[in-house]
Each structure stands twice: as C-alpha cells, then as structure tokens.
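Start from chain A and add chain B according to the hints.
Each chain is listed here by its residues.
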Amino acid sequence: MIAEIGHFTLILALAVALAQMTVPMWGAHIRDARLMSFGDSAAVAQFGLLIISFLALTHAFVTSDFSVLNVVQNSHSEKPLIYRISGVWGNHEGSMLLWVLILGLFGSAVAVFGRNLPATLRANVLGVQASIAVAFLLFMLFTSNPFERVDPAPFDGQGLNPILQDPALAFHPPFLYAGYVGFSMAFSFAVAALIEGRIDAAWARWVRPWTLAAWMCLTLGIAMGSWWAYYELGWGGWWFWDPVENASFMPWLAGTALLHSALVMEKREALKVWTILLAILTFSLSLMGAFLVRSGVLTSVHAFAVDPDRGIVILGIMMFFTGGALALFAWRAGTLRQGGLFAPLSREGGLVLNNVLLSVACATVLVGTLYPLALEGVTGEKISVGPPFFNMTFIPLMLPLLLAMPFGPLMAWKRGDLRGVAQRLAFAAGFAVLFTVIVAAMTGPGPWLAPICAALGLFVLFGAITDLLSRARFGDVSRGEFLRRVVSLPRSAYGTALAHAGIGIMVLGIVGTSAYQSEKIVALKPGETAEVAGYQLLFKGIQPTKGPNYSEQIATFEVTRDGAAVTTLLPSKRLYNAPPQPTTEAGIYAAWTGDLYVALGDEQPSGAVSMRLYFHPLVRLIWLGAVIMFVGGAISLSDRRLRVGAPQRARSRPAAVPAE
Amino acid sequence: MTRKQRRGILIGSGVVILSIAAVLVMFAFRESIVFFHTPSDIAEKKVEAGKRFRLGGLVADGSVKRAQGTTVQFAVTDTLATVNVSYTGILPDLFREGQGVVTEGKLEPDGSFIADTVLAKHDENYMPPEVAKSLEEKGVKLGPGAQHKSGTGY
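Protein chains in written order, with our numbering: chain A, 296 to 955; chain B, 3 to 156.
Treat the hints as calculated values from the structure; they're not laboratory data.
Watch out, some of these pointers could steer you wrong.
Quick look at which bits of chain A chain B covers, simulated, 3 or more residues with Cβ under 8 Å [what the hints assert, rightly or not]: (1) 657-666; (2) 676-683; (3) 875-888; (4) 905-912.
Chain A side only, calculated, beta carbon under 10 Å to chain B, not exhaustive [to be verified]: (5) Gly-591; (6) Leu-636; (7) Pro-639; (8) Val-647; (9) Asn-650; (10) Met-687; (11) Leu-692.
Below are the DSSO-like pairs computed for lysine-lysine, each with C-alpha atoms no more than 30 Å apart in a straight line [claimed, not checked]: (12) Lys-815/A / Lys-67/B; (13) Lys-53/B / Lys-815/A; (14) Lys-820/A / Lys-67/B; (15) Lys-6/B / Lys-562/A; (16) Lys-53/B / Lys-108/B; (17) Lys-835/A / Lys-815/A.
Beta carbons are placed, not taken as given, at the ideal position from N, Cα and C, and that holds for glycine.
Next comes chain B alone, as it looks inside the complex:
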C-alpha cells in the first residue's frame, strides 16, 4: 500500500466516524431539546399541553403548599402570568418563595404544570441566566442579590 492509500484509509475512516456522529447529533437534537419558557410565554407562544419544556420564573410568595405524601404545590410567576406547578419529590435545599426557580415537566390540559424536576442550585445568589434575562425582558426588577460579585471555579 502506498502512503497515499494509507492516508486515504485513515482520513476515510475519520470522516465516516465523524458523519455517524453528526447524524447522531442531529437526531438527538430533534429528540431531546427542551425549550425554556416563562409563565407569560405559555400564552404568547401557545405552548401545547403534553410537550416537555422548562418553566422558569420566581416562586410566587405564599404559594407553596405541602400536601399529604410527597407532592408539593407551588406557583411560578414572572409577575405578568402565574402557573401552578405540582411536583412529587424532594425540593432542593435552596428552594424558597420569592426566589428564582427552573422546573422541567409538562403542561396539563387545565393549564397547570406537572414538574418531574426542580433544578437545584448551590448558591443562594445564583439566578439561572434564562430566568434573569427573561425577567429583565419582561421588565421585572431584580433585587441586588441577583448579581453577586464573587464566583468560584467549581
């Protein structure tokens, strides 16, 4: 085999693996991308029931209700609209009323949201960038704690 043929085999197999990966990536993107919406987006963008997405905003004050068993009810708001959320499981330590939250799940036909994930955060002052940005776009003023001048490398 000449040097050229050998190089051809090498490059050829590289290209084959790369294109397999590219197909996998396209396929996976179609299957597994999750959109992010705020409560007022749901009406604006006509989000359908049964489709998985992330709902983000602030936990409405006074809305957290712990029922019997392990289901928790709370409301997520961007001050323009509010969505009732029901979640079965353990809430993260830093879940609090009046603070930013991101949940993932599906909308029910009645307009409530069944979350199977409530994203935990490790820092009281952390506001997920989508939440901060969408709240800003909606004209909601964030407290001084939303941006905190110190970070770690973890």
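So that you can see chain A by itself, here it is in the shape it has in the complex:
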C-alpha cells in the first residue's frame, strides 16, 4: 500500500511539474501576476509530493518489504539500519528518485527564498527547473520505477553490494547529487535570463549563492568518494583518473570557473555572455556525468552493474537540454549588453585567467575521458587513456593557476598594481621557498617536480593568509585597530581565503603522497616482521570473527618504531552473507607525518599471507583541504551580502561607507 502511495505521488509530482513548466512561463510572457505566482505553489507542492514518494521508498527499504522489486534486488533483512536507508539510493531507480527530490528541493527553495526576485525571472526559472524535473520524472516512471512490485514476494532480498556498505559511501551520493543537481539552478537562471534577454549584476548576485552551495556539496561529495576509495579498495590510491571520477570532476572544474566568473559579473557587470555559457555547460557536464556513470560505455574500475539501454535515455535528456540551451544562447546572447571595462592586469584579469585555465583543464579531462569512445567509433580500436595522460596535460595547466592564485584576491578591480601585489606576496613566496628547501634537504632526492609543486602549495596557503592580513592593513595600523579590522572583515573574505588555503593544503597532500610514498608487497607467516618507512610491523596471526551480516578474518599487527610500541593494526577480509562477496578492510594508523596502511591479500599454500604495506606521507591533507574548502564556502554563504533573498538590501547600502 505504501509503495503504491509512493508511486502515485510520483505521478502526481509529474503532473504538477508539467503545470509548473507551462503556466508560470506563459504568465511571464503575458505579464499575468497570478499565473506567475502559480509557479511558487507548484514548486512547493512538487517538492512535498517527492518527499512523500521518497519516504515511501525509504519505508519499503527500512521495513524490508520484499514485495517491492527494487528492495529485493538491493536489500537484505540482515543489513544494519543505516545501510538499509543508504540502500535507497544505492541503486539506479532509487538514486534517480533522490536526484528528482534534490531537483525539487532547489526549485522550492527558489519559490520560498526568492521572494524578491523579479516576478518574471522567478516564473521563468521555476518553469525551466520544472522542465528538467519533467524529463527525469518521465524517465523514471517509464523505465526506472522504483516501486515496481514482485509477486510472489521472495523470502529475502539479494542484498546491497558489500563494498557500498560503508559510512562514507552512504553519504557520498546525496552530496554528489546535491552538487550535480544544484548546478541545475545556475542552468535554469541562465536559460531564464536568455528568455528574458536581460541580465545584470543582480542576476549574478542571485545565482552565486546557489552555485556556491552546489559547489560545496560537490567538493565534499568527491572528497568522500576519494576517501572511500582510499581505505575501502585496499590499493591505497586516492584518485585514479577513472572515467567515473572524471565524470564528477569535470562539473567541479566548470563549476569552480562559474563561481569566479559570476563574481566578475556581480561586481563589474563584465563577462556576461561567458558566465551564461559556463552556467549551461556546467549543468550539461553534470548530466553527462550521470550518463557516463550509468551507461557503462567506458571501462571503469568504479562501475557497478550498469544498464546501457537506460543510460542512452539520459544521453537523450542531456542532448535535449544542452542543445536547446545552446541554441537559445546562440540566438539570444547577442542581445546581452556589454559590461564594464578592465585592464588585463586587474582582479577581473586574474579571474579571467582562472576561467581560461580551469575551462581548458576541464576540456583536456573531457578529451581524455571521451577519446576511447570516439576512437572505437571511428576505427574500432579499443584503447584506454590512463593516469599518465592526465598527469601530462592537467598538471602543467594547474601550475600557472596555483602560481596566479595568491595574486588574484590582492589585485584591485579594474586596474591592478602587479608590482605592489608582488611586494606584498614576497614574504609568502619567501617562506614557501624556504620551507620547501628545508623539507627537500631532509627528505632527500625525489622527483624534481615535487619540490616545485610543494612550494606552490605553500605559496597558495601563505598567500591566502597574506590576503587576510593585508585586507586588515597589517603593519599599516596600530595593533588594536588591526585586530578590530580582522574581526570586522566580511565573511566572504574569510571564505575566499579559506577556500584558497584549502587548495594549497590539498596540493601539499597530493605532492607528499604521490612523490614520497613507500610501498611494499610481502608475504608473511605469523611471527614474521616487515618494515616500511621506519615502522616495524609484527604479524601476530589471523582470528575469525562475525559481524552483523558478514564473517571476518582479522589480522593483528604490532607496530613499533625504533623499539617503541606505536599501535596495533587490525586489517581484515570480510565475506558478506548476501550477496556472498569478499571485501578488504585496510588497517590504517594515522600519524602526524602520514598514514601507515596495511591491506591483506590471499593466503598462500605455505600458510603465509600476502599483503600490501604502505606509508602515505601527508595523505590526510588531501581530504582536510577539501573540508576546509567546504567550510570556506559555508562561511562565504553566510555572508549577509551573499545571503539568498537579501540582494536588494545590500545594494542600497549608502555608498559613503569606507571601502576598507
């Protein structure tokens, strides 16, 4: 019964979305306020219906209702509660329901918080947003109904892929989808602006918080995925340039560029056409990501059972929205008025450089990801493009970006003083080089690129601090005045500095773990010792135990360093009951300088167990950096001037307030 309610509300949501797609846009066309305001109530109603539908599916999973096909295929009565809940989106149908739910959430947020948007813009945005919802709801109802019944109901389910039964991965999809789908807001605003043929700084001020929120969620979602791959897959890597990873990384790159170009548009009314194009492309890349992941056209280590037939429908949806929006763009972009002038050496110029580098980098990732498909289509040759390609193309593009990053926020708008900024950054650059030389001398020879990248990472980190200090006029004013200024700096300044510092910290982690990692593959019998990166690991033996829905073989290692006990590591191999599938749980010890990591392999006839031992220096900084970026985004989002729904007030503030 509850499953039928879920199915029924899904159909109702489609009906509401159809009305929301047409009525407000017609109202905007004939300037009828009543028709336009229909969009608000429709958006809220649609979201409400989708919540009911989502709760119905969650109920089916939590209560293990095995008369629902989706639950049978993806759940099991023995599974712990958290994984019965995450199982809702751990499959194709359920994850599509989560997708439309988030789509509805963003739409209703515009209706509720966008009260002071111009009525026609709001009506058009809600109309475009609803059209995306219609496409995905039709897709779900006709090809991927999560509420399909099965008769007779089996006694128990087939279970969720054990590798997905993990806390980080339980919350990875919701964040990732909030990112992907959040970019639909930028898309809807862009299309609505093109329909109206009018776009100004206020438009950017409305779009930026949505894009920022989506970007934050995507950052965290990707980081969670990377963290999971690191400890769950037992091979110790954190990024593989796999097509599925690239699928999430491309919207991130484009979205990062969009955040920065929207800034130029908000402050200086320049780059209008480019910002609109970027908004369209960012969401298109999100849709392409969904297509690549689901269709299975590319070989991926992260591919779970995929379905090419339904993937093709997503390709169709993507082509419809991208093609339609680009056609509209080609038709209407000429009508957008040009904005403010600026010199190449200025804050705007820096942001343009950021945009060029990020979008070109995004394009190289796109080429590398799709080239195997294209070549197979043309010549029939099957190839793969691996990490060496991306390292050779992506890294050279990121180095100038890192170098330019500390300069950007310190440059003035319109016309910047490069020499003055360079003087202010001299300390940051000096510290960065000094640190790097000391560390390079201590660690000994490594790849030549590593110290350069480390210096750039430190430069970005110190540059972010310099930015805050110089905004508070450190050195120019008395200490009391300086402290007062530090406290009263706008939150968006802290947000920028934190996000940039997060990148710097992440770069340090990447350099540390890629250039100075130690790895050892050994086979040990109980009582034997292996050594990696100065740690001695004594293998004590293997004990069997039982978990809630798996049996487990836990190995015990006594870890010592120079004779002093450090910790006990307990890596294990699990065999899940349903589906019967083994997983490897790494044993990790996090020291200040890095992670000691042990993953078990097979037992050999002689009784020895093969295993992989790693030491990953600074690897945690990668995810710490991502978290800092998320926090920076959140602080920036809480800035009163950026707050959703408060754009007008900020604008009408008296101009007499001193700038600094």
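Frame of chain A; chain B shown alone:
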C-alpha cells in the same frame, strides 16, 4: 587601450593557453595511450613484445597458481587463444576463475604476459565493456550474469 585591443588581449591569451593545451594533449596521447587486446588479437595483430597494452578476457578455469612469495600465475583466455599471465601483487577481491578480467603490462619474448596491474572491479556482475564486446565478437556466449539490470550512481 580601446575595448577592441583589450578584447584582443583576452582572446589572444585564451587562444595561446588553448593551443598549449592542445599540444600537450597530442603529445600525451602519443606517449600514454594503451591499446586493448584479447589473447587471440595478439597473434592476429602481431603485438610486439615489450609494448605496453591491456590484456582482457576470462580467467581460465583451473589456471590460478599461487607460488611462493607474492607472484601469482594465471591464464587469460577468449576461448580461441590463451595467454599465461604472471602478476606480482595483491589480486582484487573479485578476481575469480571463469570471470572477466583486464590486466595491464607487457608481453615477454616467450609469449607470456607480465602484468603490473590487474584492474579491480567493485561488482561481481560487472564485465568491462571491451571484454564483453570482444568476447561477443569472437562468438563467446556470456552467462546471464554478464548483464545485470540494476546500477548505481557511484
């Protein structure tokens, strides 16, 4: 500076960066593309020893031998031809006889394959598309598990 000159500088620098990237991409493609072959392709296409490629097919039944130390021997087959593979390292959890596998490495002069990577997969029912397609082309029937009607968004 006029608007036109400024725009020229902007577009010019964009084009420069784009062309640098294009050169990098061409160069990287020449250096780092890895071809995919099945065991019978090796004879057909005369794949040279010492060249890096991906070898895909099914793990032959009864072929997995764990020697002393961490080296594992197994055979990859597309039912028409079989290649012996030797790999030093930890095999992925879902590595099994009779299932699809993709390995990366080099051919030795004696015709055996030294793999440095065995691609892990996360799902028992996942068959890498190249393997599925080449096996289909060679006329090998795949079991019903090869295509499984459910997917996730990871």
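Each hint tested on the structure:
1. 657-666: It holds, with 5 qualifying residues against the three required.
2. 676-683: holds (count 7)
3. 875-888: Per the Cβ count (4), the hint holds.
4. 905-912: Satisfied; 3 residues make the cut.
5. Gly-591: Interface hint status for Gly-591/A: holds (6 Å vs cutoff 10 Å).
6. Leu-636: holds, 6 Å
7. Pro-639: holds, 5 Å
8. Val-647: Hint on Val-647/A: holds, closest Cβ of chain B at ~6 Å, below 10 Å.
9. Asn-650: holds, 9 Å
10. Met-687: Constraint on Met-687/A satisfied, holds at 4 Å.
11. Leu-692: Result: holds, 6 Å to nearest chain B Cβ.
12. Lys-815/A / Lys-67/B: holds, 21 Å
13. Lys-53/B / Lys-815/A: Roughly 26 Å separates the two Cα atoms, so the pair holds.
14. Lys-820/A / Lys-67/B: holds, 19 Å
15. Lys-6/B / Lys-562/A: Roughly 22 Å between the alpha carbons, so the hint for Lys-6/B and Lys-562/A holds.
16. Lys-53/B / Lys-108/B: holds, 6 Å
17. Lys-835/A / Lys-815/A: holds, 18 Å
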